[in-house]
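Trainee: Read off the chains here:
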Amino acid sequence: MTMTGNVLVETIDLTKKYGEITAVDHLNLRIGEGKIYGLLGPNGAGKTTTILMLLGLTEPTSGQALVAGCDATRNPLKVKSMVGYLPDNVGFYQEMTGVENLMYTASLNGIPAEESRRRIYRALERVGLAEVGHRKVGEYSRGMRQRLGIADLLVKDPKLIILDEPTLGIDPEGVRELLKMIKGLSVEDGRTVLISSHMLHQIQQICDEVGIFVKGKLIASGTIEQLGHQLSPGSDLQLEVRAEPADEGLTRLFQGLEGVESVQQHGDAYLLNCREDIRPALVEKLVAERYTLLQLQKRSVSLDAIYLRYFEKEGYYDQAI
Amino acid sequence: MTRPFSIFKTFSVDLDWNTVYEANRGLLAVMRKEMADHLSQKRFFILALLTTVACLASLYVAASTIRSTVGENQIDFVFLHLFTTSGDTLPFSFISFLAFLGPLVGITMGFDAISGERDRGTLSRVLSQPIYRDALINGKFAAGVAVLALVILGLVALVGGLGLILIGIPPTLEEVLRILAYVFLSVVYIAFWLALSILFSVLFRQTSTSALAGVAAWLFLAIFAGLLAGMVAEGIYPVTEASSTQQVIAQARLQQALSRISPTTLYDEAITTLLDPSVRTLGPVLLEQAIGAIKGPLTLGQSLLLIWPHLVGLVAATLICFAVAYTVFMRQEIRA
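These protein sequences, in sequence, are chains X and R.
Here the first sequence is numbered in numbering that gives the first Met the number 0, starting from 0 and rising by one per residue.
Here the second sequence is numbered in numbering that gives the first Met the number 0, starting from 0 and rising by one per residue.
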């Protein structure tokens with residue numbers, strides 16, 4: 000994995016064991032400054048444990064977690080002052096207003112009252128909660144609470160933002176807005192963002208880099224394109240084809256094409272694993288052989304393979320879409 | 000700003016107040032917020048109101064009883080009687096009301112200290128701020144004790160002040176000191192319940208379980224522990240008509256020793272001694288021992304000496320509860 004610029008987050012053989020179970024297994028993670036990194040994996044893969052170790056809230060069994068060169072276990076206060084954390088199921092004090100909740104965060108961070116008031120109104124403005132800042136949090140919807148969570152991060156003004164399952168339980172429209180906001184945190188403010196999620200389809204849109212994290216191990220890491228090569232080298236492309244009539248000859252035709260590695264049939268659809276984009280040649284051939292082309296779709300094969308391999312098994316594939 | 004000062008010639012300390020403040024910034028922020036929380040909470044308001052009404056009722060009864068009896072025989076320490084006297088219409092005095100309701104106040108303030116934060120999902124968010132982890136639990140306990148001290152002092156001042164108007168006899172210095180000692184003792188006692196309920200809130204994930212455990216502990220220690228002590232003592236040293244004096248005394252001693260395991264007993268004995276200077280001893284006394292004793296009140300110093308073990312026991316019980324809660328909390332996983 001190539002890395003340009005400074006590395007902000009680094010873990011060295013980070014390991015956490017709970018008794019016999021290894022939650023995180025010799026994790027070596029490097030996140031460059033200003034990047035959005037998606038830590039993707041099914042529930043129970045050890046994502047939250049990793050995050051808690053990065054914050055110094057859980058002690059690693061062995062290995063190190065460094066944020067800007069600071070060891071999270073040895074110097075948790077320094078690390079926590081640089082990192083903003085939005086846990087999954089973020090909670091606020093229900094009987095306090097949004098502003099009061101943020102004031103508390105500001106006071107825990109030692110921000111002077113005047114300064115925090117300024118920051119809070121700017122943050123609420125930015126996440127679109129300025130109107131309801133003086134209402135009790137108990138009256139907020141889930142989406143609003145999530146946005147208040149983002150405002151909470153903005154008040155703290157951290158270098159690194161860690162979001163744990165930020166899109167969980169939010170409607171598609173809300174997710175789109177939230178992702179835009181998260182993207183803004185990185186692009187406009189130059190912050191580094193680490194998102195943990197099992198919703199690959201949602202998160203991959205905004206991530207510069209992703210890591211696939213399964214059973215405590217990082218099995219692949221890099222940009223989306225790089226991941227394909229890492230996980231299944233050789234087959235770069237998958238074509239989904241529907242044509243009529245779907246007979247024996249069609250299968251033979253596909254197999255005979257140059258560049259096709261394998262052909263799978265799912266009902267009346269054919270999945271072709273190809274080395275290169277053979278769509279022009281494919282269409283030409285189909286027309287020549289008097290087949291009617293009903294559908295031709297290019298899929299980025301590797302990620303789909305990953306989804307199928309690691310997520311469908313866990314039953315998250317449906318939710319992911 | 001650095002203020003170096005030397006304690007001894009060879010030992011000088013560079014005490015940087017900024018550093019001290021910085022290190023405790025989280026603690027102070029938590030304390031401020033928790034105190035504000037307690038004072039604005041409805042459930043705290045309800046309990047404080049209940050306690051106040053009960054105490055005022057007891058004051059009224061005490062004052063009218065004192066006024067009707069003060070002419071008949073000479074009473075020493077009239078002012079203290081405001082707190083200890085009960086009447087026919089209301090068989091509870093101020094101190095018995097506070098002893099009864101105080102633990103409930105303590106439990107109410109602490110039962111959701113940690114489990115509530117977990118439930119609401121605020122625990123990990125708060126602890127991810129640059130504060131030490133113990134700042135949270137320390138701040139909560141300190142805020143609770145501060146609010147308790149405020150409430151008890153306020154209540155005693157209210158009752159004392161109204162009592163002064165009702166009976167018109169000003170307290171002597173010794174009475175004031177005894178009352179202050181009583182306030183201190185009560186704060187420590189209720190702080191014990193606060194620490195115990197914080198401990199339950201650390202141990203149990205469910206807030207309702209924690210509340211129930213607190214109430215169960217209160218019922219057991221306040222009511223059943225005494226009964227149980229009597230039963231055990233009776234079983235070990237059975238007393239019949241023909242029993243020797245030693246046997247009777249052994250039973251009484253054992254029963255007292257066992258019931259003193261409960262902080263409630265310690266507190267009851269201690270405040271009785273403090274507010275009633277005529278109490279000279281807490282254990283069983285033989286008639287022969289009392290012969291020749293000059294009837295008269297104890298001085299404050301003597302009373303304090305009598306209850307010193309009680310005071311130490313109560314402080315120790317409070318600290319042990321809090322220490323266990325602290326240790327468990329520091330080792331606990333943060334994730335919900």
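Heads up, some of the hints might be wrong.
Claimed, not checked - Dumping the calculated EDC-like pairs for lysine to aspartate or glutamate here, alpha-carbon to alpha-carbon at most 16 Å: (1) 77(X) <-> 275(R); (2) 135(X) <-> 332(R); (3) 77(X) <-> 156(X); (4) 182(X) <-> 32(X); (5) 179(X) <-> 207(X); (6) 294(R) <-> 275(R); (7) 41(R) <-> 156(X); (8) 216(X) <-> 24(X); (9) 214(X) <-> 19(X); (10) 216(X) <-> 188(X); (11) 158(X) <-> 187(X); (12) 16(X) <-> 332(R).
These are computed hints drawn from the structure, not numbers from a lab.
Trainee: Tell me the hint numbers this structure goes against, listed in increasing order.
Mentor: The structure breaks hints 1, 2, 7 and 10; every other hint is satisfied.
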